[in-house]
Amino acid sequence: MKFVMTQAVCPEGIKLLEDKAHYYVADNGDPNNYLDEMQDADALIVRIAKCDSHTIENSPNLKVIGRTGVGYDSVDVKTATEKGIPVVITPGANNRSVAEHAVAMMFSLAKNMMEAQTEMCRGNWKIRDAKKAFELEGKTVGVLGLGAIGRETAKICRGCGMKIAAYDPFMTKEQIENYGAEYFEDYKELLKASDIVTIHVPLTEQTKDMIAGEQLASMKKTALLINCSRGGIVNEKDLVEALNRGMIAGAGTDVFCDEPPRTDDPLLHCPNLIVSPHSAAQTREAVIKMAQMCVRGCLAVTDGKKWPYVADQAVYNHPKWEGAEWAEV
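Residues in the sequence shown are numbered from 0 upward in steps of one, following numbering that gives the first Met the number 0.
Be careful, since some hints might not be right.
Claimed, not checked - Derived DEER-like restraints, expressed as beta-carbon distance ranges:
#1 137 with 275: 21 to 29 Å
#2 278 with 201: 40 to 48 Å
#3 39 with 317: 20 to 28 Å
I should point out that these hints are in silico values taken from the structure, not numbers from a laboratory.
Model, not experiment: these values are computed from the prediction.
We put the beta carbon where it would ideally sit given N, CA and C, even for glycine.
Sequences are here, hints too, so could you generate the full structure?
What follows is the structure in C-alpha coordinates.
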(Lines of atoms letter the chains of each structure in order from A; the text may use other names.)
(Lines give C-alpha, C1' and ligand atoms only; values in the text may rest on other atoms or scores of the structure.)
Protein backbone atom coordinates (compact mmCIF):
# COMPACT_ATOMS: atom_id res chain seq x y z
CA MET A 0 0.00 0.00 0.00
CA LYS A 1 1.25 3.49 -0.86
CA PHE A 2 0.64 6.85 0.80
CA VAL A 3 1.54 10.13 -0.92
CA MET A 4 1.92 13.24 1.26
CA THR A 5 2.09 16.77 -0.05
CA GLN A 6 4.27 17.48 2.99
CA ALA A 7 5.33 15.01 5.66
CA VAL A 8 3.18 14.57 8.72
CA CYS A 9 4.99 14.53 12.06
CA PRO A 10 6.99 11.45 13.16
CA GLU A 11 4.16 10.34 15.45
CA GLY A 12 1.91 10.11 12.40
CA ILE A 13 4.53 8.44 10.22
CA LYS A 14 5.05 5.79 12.91
CA LEU A 15 1.48 4.57 12.42
CA LEU A 16 2.38 3.59 8.85
CA GLU A 17 5.17 1.25 9.91
CA ASP A 18 4.62 -2.26 8.52
CA LYS A 19 1.38 -1.05 6.91
CA ALA A 20 2.37 1.17 3.99
CA HIS A 21 5.28 2.86 2.29
CA TYR A 22 5.07 6.56 1.61
CA TYR A 23 6.29 9.28 -0.70
CA VAL A 24 6.71 12.87 0.54
CA ALA A 25 6.46 15.36 -2.30
CA ASP A 26 7.21 18.62 -0.48
CA ASN A 27 5.00 20.17 -3.14
CA GLY A 28 1.52 21.59 -2.67
CA ASP A 29 0.09 20.53 -6.03
CA PRO A 30 -0.21 16.78 -6.73
CA ASN A 31 -0.62 17.59 -10.42
CA ASN A 32 3.15 18.13 -10.39
CA TYR A 33 3.80 14.49 -9.48
CA LEU A 34 0.99 12.54 -11.09
CA ASP A 35 3.49 9.76 -11.83
CA GLU A 36 3.62 9.12 -8.08
CA MET A 37 -0.17 9.28 -7.88
CA GLN A 38 -0.66 6.43 -10.36
CA ASP A 39 -0.33 3.74 -7.69
CA ALA A 40 -1.23 5.84 -4.64
CA ASP A 41 -3.85 4.36 -2.32
CA ALA A 42 -3.99 7.47 -0.13
CA LEU A 43 -3.16 11.15 -0.50
CA ILE A 44 -2.58 13.25 2.61
CA VAL A 45 -3.04 16.95 1.89
CA ARG A 46 -1.46 19.44 4.23
CA ILE A 47 -0.53 22.91 2.93
CA ALA A 48 -1.80 22.04 -0.50
CA LYS A 49 -4.73 21.38 -2.78
CA CYS A 50 -6.35 18.38 -4.40
CA ASP A 51 -8.42 19.27 -7.44
CA SER A 52 -10.56 17.19 -9.80
CA HIS A 53 -7.67 16.72 -12.22
CA THR A 54 -5.58 15.06 -9.50
CA ILE A 55 -8.46 12.81 -8.45
CA GLU A 56 -9.33 11.79 -11.99
CA ASN A 57 -5.69 10.97 -12.75
CA SER A 58 -5.08 8.86 -9.65
CA PRO A 59 -6.66 5.54 -10.67
CA ASN A 60 -5.86 3.66 -7.47
CA LEU A 61 -6.83 6.42 -5.02
CA LYS A 62 -9.07 5.22 -2.20
CA VAL A 63 -8.91 8.07 0.31
CA ILE A 64 -7.83 11.70 0.72
CA GLY A 65 -6.74 12.86 4.15
CA ARG A 66 -6.73 16.44 5.49
CA THR A 67 -4.79 17.21 8.64
CA GLY A 68 -7.36 19.69 9.84
CA VAL A 69 -11.07 20.34 9.80
CA GLY A 70 -11.22 22.66 6.77
CA TYR A 71 -11.47 21.02 3.37
CA ASP A 72 -11.97 23.92 0.95
CA SER A 73 -8.65 23.00 -0.71
CA VAL A 74 -10.01 19.59 -1.75
CA ASP A 75 -12.55 18.92 -4.50
CA VAL A 76 -14.89 17.03 -2.19
CA LYS A 77 -17.64 16.87 -4.81
CA THR A 78 -15.52 14.94 -7.30
CA ALA A 79 -14.10 12.70 -4.57
CA THR A 80 -17.60 11.90 -3.26
CA GLU A 81 -18.87 11.09 -6.75
CA LYS A 82 -16.05 8.56 -7.06
CA GLY A 83 -16.65 7.07 -3.62
CA ILE A 84 -13.41 8.46 -2.22
CA PRO A 85 -13.84 9.66 1.39
CA VAL A 86 -12.11 12.89 2.39
CA VAL A 87 -10.92 12.23 5.93
CA ILE A 88 -10.76 15.25 8.26
CA THR A 89 -9.69 15.65 11.88
CA PRO A 90 -12.42 17.46 13.83
CA GLY A 91 -11.55 18.12 17.44
CA ALA A 92 -7.83 17.60 17.04
CA ASN A 93 -6.98 21.31 16.89
CA ASN A 94 -9.87 22.86 18.85
CA ARG A 95 -7.84 24.07 21.80
CA SER A 96 -4.90 25.18 19.70
CA VAL A 97 -6.98 27.44 17.45
CA ALA A 98 -9.10 28.72 20.34
CA GLU A 99 -6.05 29.73 22.37
CA HIS A 100 -4.57 31.44 19.31
CA ALA A 101 -7.72 33.47 18.77
CA VAL A 102 -7.80 34.55 22.40
CA ALA A 103 -4.07 35.35 22.35
CA MET A 104 -4.75 37.71 19.45
CA MET A 105 -7.52 39.35 21.46
CA PHE A 106 -5.18 39.95 24.39
CA SER A 107 -2.33 41.21 22.20
CA LEU A 108 -4.58 43.74 20.49
CA ALA A 109 -6.36 44.77 23.69
CA LYS A 110 -2.99 45.55 25.31
CA ASN A 111 -1.53 47.12 22.12
CA MET A 112 1.48 44.83 22.48
CA MET A 113 2.66 44.78 18.85
CA GLU A 114 2.81 48.55 18.45
CA ALA A 115 4.24 48.97 21.95
CA GLN A 116 7.12 46.59 21.24
CA THR A 117 7.87 48.04 17.81
CA GLU A 118 7.85 51.63 19.02
CA MET A 119 9.77 50.92 22.21
CA CYS A 120 12.52 49.19 20.22
CA ARG A 121 12.72 52.37 18.14
CA GLY A 122 13.30 54.36 21.30
CA ASN A 123 9.73 55.64 21.66
CA TRP A 124 9.08 55.08 25.37
CA LYS A 125 6.11 57.45 25.12
CA ILE A 126 4.09 54.77 23.31
CA ARG A 127 2.99 53.83 26.82
CA ASP A 128 0.71 56.87 26.60
CA ALA A 129 -1.02 55.75 23.39
CA LYS A 130 -4.23 55.11 25.37
CA LYS A 131 -5.16 52.15 23.17
CA ALA A 132 -5.02 49.40 25.81
CA PHE A 133 -8.22 48.20 27.45
CA GLU A 134 -9.44 45.44 29.73
CA LEU A 135 -11.31 42.46 28.31
CA GLU A 136 -13.32 41.68 31.43
CA GLY A 137 -16.97 42.50 30.88
CA LYS A 138 -16.59 42.93 27.13
CA THR A 139 -18.90 41.07 24.73
CA VAL A 140 -17.28 38.53 22.42
CA GLY A 141 -19.38 37.75 19.35
CA VAL A 142 -18.64 34.22 18.14
CA LEU A 143 -19.49 33.57 14.50
CA GLY A 144 -19.90 29.80 14.34
CA LEU A 145 -20.45 27.93 17.59
CA GLY A 146 -18.93 24.65 16.47
CA ALA A 147 -16.23 22.85 18.43
CA ILE A 148 -13.60 25.58 17.98
CA GLY A 149 -16.08 28.39 18.54
CA ARG A 150 -17.30 26.75 21.75
CA GLU A 151 -13.75 26.27 23.01
CA THR A 152 -12.97 29.92 22.28
CA ALA A 153 -16.12 30.97 24.11
CA LYS A 154 -15.18 28.83 27.11
CA ILE A 155 -11.78 30.52 27.44
CA CYS A 156 -13.30 33.98 27.01
CA ARG A 157 -15.95 33.26 29.62
CA GLY A 158 -13.20 32.17 32.01
CA CYS A 159 -11.60 35.57 31.51
CA GLY A 160 -14.81 37.33 32.52
CA MET A 161 -16.09 38.15 29.05
CA LYS A 162 -19.71 37.94 27.94
CA ILE A 163 -20.54 35.61 25.05
CA ALA A 164 -22.85 36.26 22.12
CA ALA A 165 -23.16 33.81 19.25
CA TYR A 166 -24.49 33.27 15.75
CA ASP A 167 -24.73 29.85 14.16
CA PRO A 168 -27.35 29.14 11.47
CA PHE A 169 -27.15 25.42 12.19
CA MET A 170 -28.10 25.74 15.84
CA THR A 171 -31.36 26.67 17.53
CA LYS A 172 -31.80 29.52 19.99
CA GLU A 173 -32.13 26.98 22.78
CA GLN A 174 -28.91 25.20 21.82
CA ILE A 175 -26.92 28.43 21.73
CA GLU A 176 -28.35 29.63 25.04
CA ASN A 177 -27.55 26.25 26.60
CA TYR A 178 -23.90 27.05 25.93
CA GLY A 179 -24.29 30.23 27.96
CA ALA A 180 -24.31 32.57 24.97
CA GLU A 181 -26.70 35.29 23.93
CA TYR A 182 -28.49 34.19 20.75
CA PHE A 183 -28.39 36.25 17.56
CA GLU A 184 -30.53 35.22 14.62
CA ASP A 185 -28.80 37.71 12.31
CA TYR A 186 -25.01 37.85 12.37
CA LYS A 187 -25.09 41.48 11.22
CA GLU A 188 -26.79 42.41 14.47
CA LEU A 189 -24.16 40.47 16.39
CA LEU A 190 -21.43 42.51 14.68
CA LYS A 191 -23.06 45.74 15.85
CA ALA A 192 -23.37 44.55 19.47
CA SER A 193 -19.94 42.98 19.98
CA ASP A 194 -16.75 44.46 21.39
CA ILE A 195 -14.76 41.62 19.84
CA VAL A 196 -15.82 39.41 16.92
CA THR A 197 -14.12 36.06 16.43
CA ILE A 198 -14.75 34.00 13.29
CA HIS A 199 -15.11 30.22 13.39
CA VAL A 200 -17.10 29.31 10.28
CA PRO A 201 -15.84 27.41 7.21
CA LEU A 202 -15.22 29.12 3.89
CA THR A 203 -18.15 28.36 1.59
CA GLU A 204 -20.04 30.20 -1.13
CA GLN A 205 -22.36 31.44 1.63
CA THR A 206 -19.59 32.72 3.93
CA LYS A 207 -17.29 34.27 1.32
CA ASP A 208 -17.09 38.04 2.00
CA MET A 209 -19.39 37.50 4.96
CA ILE A 210 -17.70 40.52 6.53
CA ALA A 211 -17.08 43.29 4.01
CA GLY A 212 -17.29 47.06 3.94
CA GLU A 213 -20.91 47.35 5.03
CA GLN A 214 -20.46 44.99 7.96
CA LEU A 215 -17.18 46.56 9.08
CA ALA A 216 -18.76 50.00 9.00
CA SER A 217 -21.55 48.76 11.28
CA MET A 218 -19.16 47.58 14.02
CA LYS A 219 -18.16 49.67 17.01
CA LYS A 220 -15.14 51.91 16.42
CA THR A 221 -13.64 50.31 19.52
CA ALA A 222 -14.21 46.75 18.24
CA LEU A 223 -11.67 44.06 17.40
CA LEU A 224 -12.03 41.46 14.62
CA ILE A 225 -10.28 38.08 14.85
CA ASN A 226 -10.11 35.58 11.99
CA CYS A 227 -8.53 32.18 12.67
CA SER A 228 -10.79 30.39 10.21
CA ARG A 229 -10.18 30.98 6.50
CA GLY A 230 -9.12 33.82 4.25
CA GLY A 231 -11.96 35.09 2.09
CA ILE A 232 -14.56 35.18 4.85
CA VAL A 233 -13.40 38.73 5.51
CA ASN A 234 -13.01 40.91 2.43
CA GLU A 235 -9.33 41.85 2.69
CA LYS A 236 -9.55 45.03 0.61
CA ASP A 237 -12.36 46.31 2.80
CA LEU A 238 -10.50 45.33 5.97
CA VAL A 239 -7.47 47.33 4.82
CA GLU A 240 -9.69 50.38 4.35
CA ALA A 241 -11.40 49.87 7.71
CA LEU A 242 -8.08 49.68 9.57
CA ASN A 243 -6.48 52.58 7.73
CA ARG A 244 -9.52 54.78 8.36
CA GLY A 245 -9.93 53.72 11.99
CA MET A 246 -13.39 52.26 11.40
CA ILE A 247 -12.54 49.50 13.91
CA ALA A 248 -9.88 49.50 16.63
CA GLY A 249 -7.91 46.51 15.40
CA ALA A 250 -7.83 43.08 13.82
CA GLY A 251 -5.98 39.82 14.07
CA THR A 252 -5.77 37.34 11.22
CA ASP A 253 -4.11 33.97 10.90
CA VAL A 254 -5.46 33.36 7.39
CA PHE A 255 -5.28 35.05 4.01
CA CYS A 256 -6.93 34.84 0.60
CA ASP A 257 -3.55 34.09 -0.97
CA GLU A 258 -1.15 32.08 1.16
CA PRO A 259 1.54 33.03 1.69
CA PRO A 260 0.67 36.69 1.10
CA ARG A 261 3.14 38.88 -0.77
CA THR A 262 5.38 40.99 1.42
CA ASP A 263 3.95 44.09 -0.25
CA ASP A 264 0.36 43.04 0.42
CA PRO A 265 -1.42 46.17 1.76
CA LEU A 266 -2.99 44.10 4.53
CA LEU A 267 0.41 43.41 6.08
CA HIS A 268 1.08 47.12 6.43
CA CYS A 269 -2.10 48.23 8.17
CA PRO A 270 -2.12 49.86 11.61
CA ASN A 271 -3.51 48.01 14.62
CA LEU A 272 -3.17 44.60 12.98
CA ILE A 273 -1.58 41.40 14.24
CA VAL A 274 -0.92 38.55 11.81
CA SER A 275 0.37 35.00 11.94
CA PRO A 276 1.21 32.55 9.11
CA HIS A 277 -1.84 30.24 9.27
CA SER A 278 -0.32 28.70 12.36
CA ALA A 279 -3.20 28.69 14.84
CA ALA A 280 -3.48 24.90 14.62
CA GLN A 281 0.26 24.28 14.70
CA THR A 282 0.94 23.70 18.38
CA ARG A 283 3.02 20.62 19.15
CA GLU A 284 0.01 18.90 20.66
CA ALA A 285 -2.41 19.69 17.82
CA VAL A 286 0.04 18.68 15.08
CA ILE A 287 0.43 15.24 16.64
CA LYS A 288 -3.30 14.75 17.19
CA MET A 289 -4.18 15.85 13.64
CA ALA A 290 -1.53 13.64 12.04
CA GLN A 291 -2.44 10.54 14.01
CA MET A 292 -6.16 11.00 13.49
CA CYS A 293 -5.69 11.57 9.76
CA VAL A 294 -3.44 8.55 9.27
CA ARG A 295 -5.71 6.28 11.31
CA GLY A 296 -8.69 7.37 9.24
CA CYS A 297 -6.89 6.84 5.96
CA LEU A 298 -5.70 3.39 7.04
CA ALA A 299 -9.24 2.42 8.01
CA VAL A 300 -10.60 3.48 4.62
CA THR A 301 -7.88 1.67 2.69
CA ASP A 302 -8.82 -1.39 4.74
CA GLY A 303 -12.34 -1.10 3.36
CA LYS A 304 -13.93 0.27 6.53
CA LYS A 305 -16.08 3.37 6.82
CA TRP A 306 -14.43 6.11 8.89
CA PRO A 307 -16.92 8.50 10.52
CA TYR A 308 -14.90 11.72 10.30
CA VAL A 309 -15.19 12.64 6.63
CA ALA A 310 -16.08 15.84 4.81
CA ASP A 311 -19.22 14.38 3.22
CA GLN A 312 -20.97 11.32 4.63
CA ALA A 313 -22.80 10.95 1.29
CA VAL A 314 -19.64 9.29 -0.01
CA TYR A 315 -20.81 6.08 1.66
CA ASN A 316 -23.87 6.00 -0.61
CA HIS A 317 -21.54 5.04 -3.43
CA PRO A 318 -21.95 1.42 -4.59
CA LYS A 319 -18.36 0.56 -3.63
CA TRP A 320 -19.30 1.03 0.06
CA GLU A 321 -22.35 -1.20 0.02
CA GLY A 322 -22.16 -3.63 2.93
CA ALA A 323 -18.96 -2.12 4.36
CA GLU A 324 -18.49 -2.08 8.12
CA TRP A 325 -17.78 0.99 10.22
CA ALA A 326 -14.27 1.32 11.59
CA GLU A 327 -13.63 1.34 15.32
CA VAL A 328 -12.55 4.82 16.42
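Hint by hint, here is what the structure shows:
1. For residue 137 and residue 275, the Cβ-Cβ distance of about 27 Å falls inside the hinted range of 21 to 29 Å, so the restraint holds.
2. The hint said 40 to 48 Å for the Cβ distance between residue 278 and residue 201, and at roughly 19 Å that hint is violated.
3. The beta-carbon spacing between residue 39 and residue 317, approximately 22 Å, falls within the hinted interval of 20 to 28 Å.
Hint violations for this structure: number 2 only, all remaining hints satisfied.
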